[in-house]
Amino acid sequence: MKPRVSNLIGRQTPCPQVLLNKVIEHDIRNTVGNVPMEWYQDYPHIGYNLDGKKIFKPIRNKDELDEFLDKMENPDYWRTVHDKTTASDIRLTDEQVDLVHRLQKGQFGDVNFNEYEPSVDFFTNEVMIHPVTNRPQDKRSFIPSLIEKEKVSKLVHAIKMGWIKPRKPKETTPQYYDLWAKEDPNAILGRHKMHVPAPKMRLPGHEESYNPPPEYLLTEEERLVWEQQDAEDRKLPFLPQKHSCLRAVPAFSRFIHERFERCLDLYLCPRQRKMRVNVNPEDLIPKLPKPKDLQPFPTTMSLVYRGHTSLVRSISASPTGQWLVSGSDDFTVRFWEVNTGRCMKTLEVGGAVKSVAWNPNPAVCLVAVESTVLLLNPSLGDRLVVSSTDQLITSYEPPEEDKEQAVTWALSEGPEHNKGHRLTLTHPKAVKQVVWHGKGDYLSSVMPDNSSNLQVLIHQVSKRRTQNPFRKSKGLVQCVSFHPLRPYFFVATQRYVRIYNLIKQELTKKLMTNCKWISSMAIHPGGDNLICGSYDCRLAWFDLDLSTKPYKMLRHHKKALRGVAFHRNYPLFASGADDGSVIVCHGMVYNDLLQNPLIVPVKVLKGHQITHDLGVLDVTFHPTQPWVFSSGADATIRLFT
Amino acid sequence: MGGLQKKKYERGSATNYITRNKARKKLQLSLADFRRLCILKGIYPHEPKHKKKVNKGSTAPRTFYLLKDIRFLLHEPIVRKFREYKVFVRKLRKAYGKAEWTGVERLRDNKPGYKLDHIIKERYPTFIDALRDIDDALSMCFLFSTFARTGKCHVQTITLCRRLTVEWMNYVVTSRSLRKVFLSIKGIYYQAEVLGQLITWLVPYQFAHDHPTDVDYRVMATFTEMYTTLFGFINFRLYQTLNLVYPPKLDSKAESELKAEHEEDYAMDSESYLEKLSALSASLARVVATAEEEENQLDHFPTEGEDLENMQAREKEQKEQEAQKRLFEGLKFFLNREVPRESLAFILRCFGAEVSWDKSLCIGGTYEVTDETITHQIVDRPDMDKQYINRYYIQPQWVFDSVNAKMRLPVEDYFLGTTLPPHLSPFVEEKDGDYVPPEKLKLMALQRGENPVQEEEEDDDDEEEEEEDEEEEEEEELTEEKNLKKMEDKRAQGKTLAVKVTPGKVKPWETGSAGNKVRLEQEEKAEEKRLAIMMMKKKEKYLYDKIMFGKKRTTREVNKLTAKRKAHEDASKAQKKQKKAKKQ
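Residue numbers (the numbering used here), protein chains in the order written: chain S, 4 to 644; chain F, 673 to 1256.
Derived by calculation from the structure, the hints in this document are not laboratory data.
Don't take every hint at face value.
[Stated by the list, open to error] Capping the alpha-carbon separation at 27 Å, the derived lysine-lysine pairs in BS3-like fashion look like this:
| hint | chain 1 | residue 1 | chain 2 | residue 2 |
| --- | --- | --- | --- | --- |
| 1 | F | K1245 | F | K1209 |
| 2 | S | K185 | F | K793 |
| 3 | S | K555 | F | K1209 |
| 4 | F | K921 | S | K173 |
| 5 | F | K997 | F | K824 |
| 6 | S | K185 | F | K713 |
| 7 | F | K1114 | F | K1078 |
| 8 | F | K1223 | S | K290 |
| 9 | S | K277 | F | K713 |
[Unchecked claim] Chain F residues, not near chain S, derived (Cβ > 12 Å throughout):
| hint | residue |
| --- | --- |
| 10 | K725 |
| 11 | S730 |
| 12 | L738 |
| 13 | E1044 |
| 14 | Q1194 |
| 15 | M1220 |
| 16 | E1229 |
| 17 | K1255 |
[Unchecked claim] Now the in silico label distances, taken between C-beta atoms and shown as ranges:
| hint | chain 1 | residue 1 | chain 2 | residue 2 | range |
| --- | --- | --- | --- | --- | --- |
| 18 | F | Y1214 | S | E224 | 31 to 37 Å |
| 19 | S | R226 | F | R1225 | 49 to 55 Å |
| 20 | F | Q990 | S | D296 | 52 to 58 Å |
| 21 | S | V123 | F | K783 | 47 to 53 Å |
| 22 | S | E225 | F | K783 | 53 to 59 Å |
| 23 | F | F760 | S | E224 | 58 to 64 Å |
| 24 | F | T735 | S | E225 | 33 to 39 Å |
Even glycine gets a Cβ: it sits at the ideal position worked out from N, Cα and C.
Please build the complete structure, drawing on both the sequences and the hints.
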């Protein structure tokens, strides 16, 4: 027991004799016992001495300043202890200090106590003449016990009867025998049919050798990369090493780890049968007829028409195939001779030209500029044609009653007439596209605007009349087209192509293009097929007899398609895209209804430079020859023959 | 309106699966016991196709087992044993607590145990099934047999593993079924062909293990428990097929030979017997004493023409195999003390050689170093003091490379102190397009019977020629430099240079030569292919792209390896040159 120092002094109990004598001289012992001194806080005394008299508190308590002064001035401060029970300071004597030191060191309190005294055994192992006790032994230690005898005889009887058998020696080593002596391969449980055997461990490659060829060792950088990678990302689970001899090969530190991981794989990994596609990639490529056998089609760039200074938005070839018209953002319309590449005529039109279209019948050309549509007479070639064209326009007789029309028709006169302008149709909004009907009398213009129903207008040139065929807007109209043979009208909005019957004035079909945003549309001269180009790099071929969904979807361009076109006579169609290429495809449509169209890409034509992320803007075919024109953002028009 | 209301997750895939916790509750087992049961019975989790459906709408990560599997576990008699064991542990603890020592002893004696025989039979209904799955068992037993007999696992397990692996090695030696060996940085891989099954196992190098702390040895011990049972039965059956006595006994002749030596040096008979067995130097006793096994020849069945070729190929293969089995026959090896004795003795004995070692190294050495008939001594030290003239001193890699090459390789490359040629993995089978290290090409040429020595000489010639070329080039460069200097001088003097126009060469493809045609045709083909790829369906295109990506990656890797090799060779060549120059 190690009593606390303050208690020891307060009670003064275990003190040696010398100490006690000194204390007795002024013995003011508190008799309240071991109670909290806080109980006497409100009283003037703090307990009772041996005589039962009150022990009074000192009049003035020491405050901190006193304490401090005491600490500074009293040389015995270090050996002064405050006794709570008597509220007095006691100065420890030298003996007491010694005692404290000894106890702190863990020594005995008594100085004179010898802890290493020799031990004297009371009982010895030697037989003595005189025993320690001399009690005689009991009788029962001489005669056999009856109870024990009974028990033993019972056991003997049980053993005799064979009830108790000796313990079998434990089999420590397992016994093996021919487990598969009667193996029956048909006795496989149903579960085993589903069972997926664990895959075997991967066999080691050259890099795991203790002395691999030098190319399998990692270079310094590769090693650094390997060390920084996570254990899962590493291609090799270990670092290849080279040892000069077998003697130098150390133990593999992760051996137990790897075996443990294999164990975990065996019982924790879900197993699945994965079918490995083992196909020859060549077999995946569809077998198509050779492009060589599908000639003619344009193969080389033969002419470049230069002259425009800004991107050429639209081109159109004359029905004879002798002339080409192009409209550009440099506010001009140019007429070119196809065979020579000469620019025959340049017309300033005072606005970016969005679309041009050559009338399929006579030599009237049509130009859409900003918010006007101009009918031009190019006055090229045969004089008879030119004059007949002019006659056609002048032969108009205004009707009696003037109807309110959506656009204003104005006849050009003076210098403008000399330049070639014939009629000006002023539209309320910007015109994006103009198309002629196959007969050459009707033309349609598109003013894309989502909010109003005035998006598509159909004009009749001979009567100078304008119609708005739609009462309701069905979305932003991208382009329109006339059916080449029958009175159908195609309207492409952002995602759908709607086909209207113009005579019955009703919707006949709605084609789902699966595209995000249609950019252009072209109709096969037979009228039963249609292609749609879209800004999301797709070209959809519709067979109108087959379905409203695309018959074929081509993703052959890398960037947004801008223009598509069909050839009038040959089974060809072309598409131009922002990647600067024109892809010509063979698109054969059979008269036999059972045979589906054959589509084969035959040529990728490149030549246009990509400027401002724009490549080819429009493509059109020569009306008679297998030639294709393309206009691009690099201000050129190119002819591929 | 009638019918019961359909409830979600009460039909379909949700009812086919059960989570691990539910399975555990159904079987009334603790997680550790459940794990043990799964290991023993070979039950593994399944990944449902629609995890969310099976998980009743939740996406929490859970392990799923097939409900059928768990139902199957319900009938397992071992589950009852597990429960009994739990009770036993409880009783034992109680007895300990009460200090009832007789009780403790009694309980100890009646400790419930279980056997795994029926599980093995159930998991592997036929012997071949079992043999097919023995790879892991072998590797595990070989690992456990190298453990120190302190802590980590029971000593009985270790001795049992050791016994079984020794039995296995003895079987492989007797049946001569070892095919391939490979020294990797992890350990030594062996591949044997037993009853038509290729069995591969990995043996760690003989070092004390640095036991990792993040490995659960209980799991490993459970696996080992299962594997030792399986392995024992397989050994029994294999010994039976060869008419050998099981447990293996040494041939009486060999035994008497061994006995003559220092028997009393070894402590106990039972222990020394295993040691003698593991020495692998003596043949085993047979049930029916037969002279030598007759060669089992392939029967000839007259069949149609195409089968004939197959037959011939098979016959040829058989012959090769026979030749490989007798690879080291007639040779006498002596192992120095620094080489791994067990693995080398095992391999050499598998191919019919006689092996011995110093008698202080291990029991079972049959002859001394001084024996004059020794043909090869395997040494793994830089130099030897006393060398006998009539034997080769070779490094251990020769044995391994020869086994893999199926022929005795020339010993010159493996002499003492020489730099060893790279050790290649025999498990790599190169398809076309894969990288083949030049050493392998050389080896293949050697196997075909071509002599590589001449080639090397040619190489040397080439090198010399190359050197000459280089020198010429240097000279050319020098002359060019001179010309340039002259020109500059002229310029400095202010003279006008004589401008000369040399006629340009016409490139071959611009003229209409034969090469041009071929080129054009190739280009056409390539374009056709490109155009056809445009017409592919989305799904096929994706697959095609994936395949092509994989192909490209392999070619990239091959290119990288070739470049590395070339760089290495260039560097070594330069070093050689430097050395030469220094000598001169």
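Okay, the hints, checked on the actual structure:
| no. | hint | result |
| --- | --- | --- |
| 1 | K1245(F) with K1209(F) | violated, 53 Å |
| 2 | K185(S) with K793(F) | holds, 11 Å |
| 3 | K555(S) with K1209(F) | holds, 9 Å |
| 4 | K921(F) with K173(S) | holds, 24 Å |
| 5 | K997(F) with K824(F) | violated, 40 Å |
| 6 | K185(S) with K713(F) | holds, 21 Å |
| 7 | K1114(F) with K1078(F) | holds, 14 Å |
| 8 | K1223(F) with K290(S) | holds, 22 Å |
| 9 | K277(S) with K713(F) | holds, 24 Å |
| 10 | K725 | holds, 16 Å |
| 11 | S730 | holds, 18 Å |
| 12 | L738 | violated, 8 Å |
| 13 | E1044 | holds, 27 Å |
| 14 | Q1194 | holds, 15 Å |
| 15 | M1220 | violated, 6 Å |
| 16 | E1229 | violated, 10 Å |
| 17 | K1255 | holds, 24 Å |
| 18 | Y1214(F) with E224(S): 31 to 37 Å | holds, 34 Å |
| 19 | R226(S) with R1225(F): 49 to 55 Å | violated, 21 Å |
| 20 | Q990(F) with D296(S): 52 to 58 Å | holds, 53 Å |
| 21 | V123(S) with K783(F): 47 to 53 Å | holds, 50 Å |
| 22 | E225(S) with K783(F): 53 to 59 Å | holds, 55 Å |
| 23 | F760(F) with E224(S): 58 to 64 Å | holds, 60 Å |
| 24 | T735(F) with E225(S): 33 to 39 Å | holds, 37 Å |
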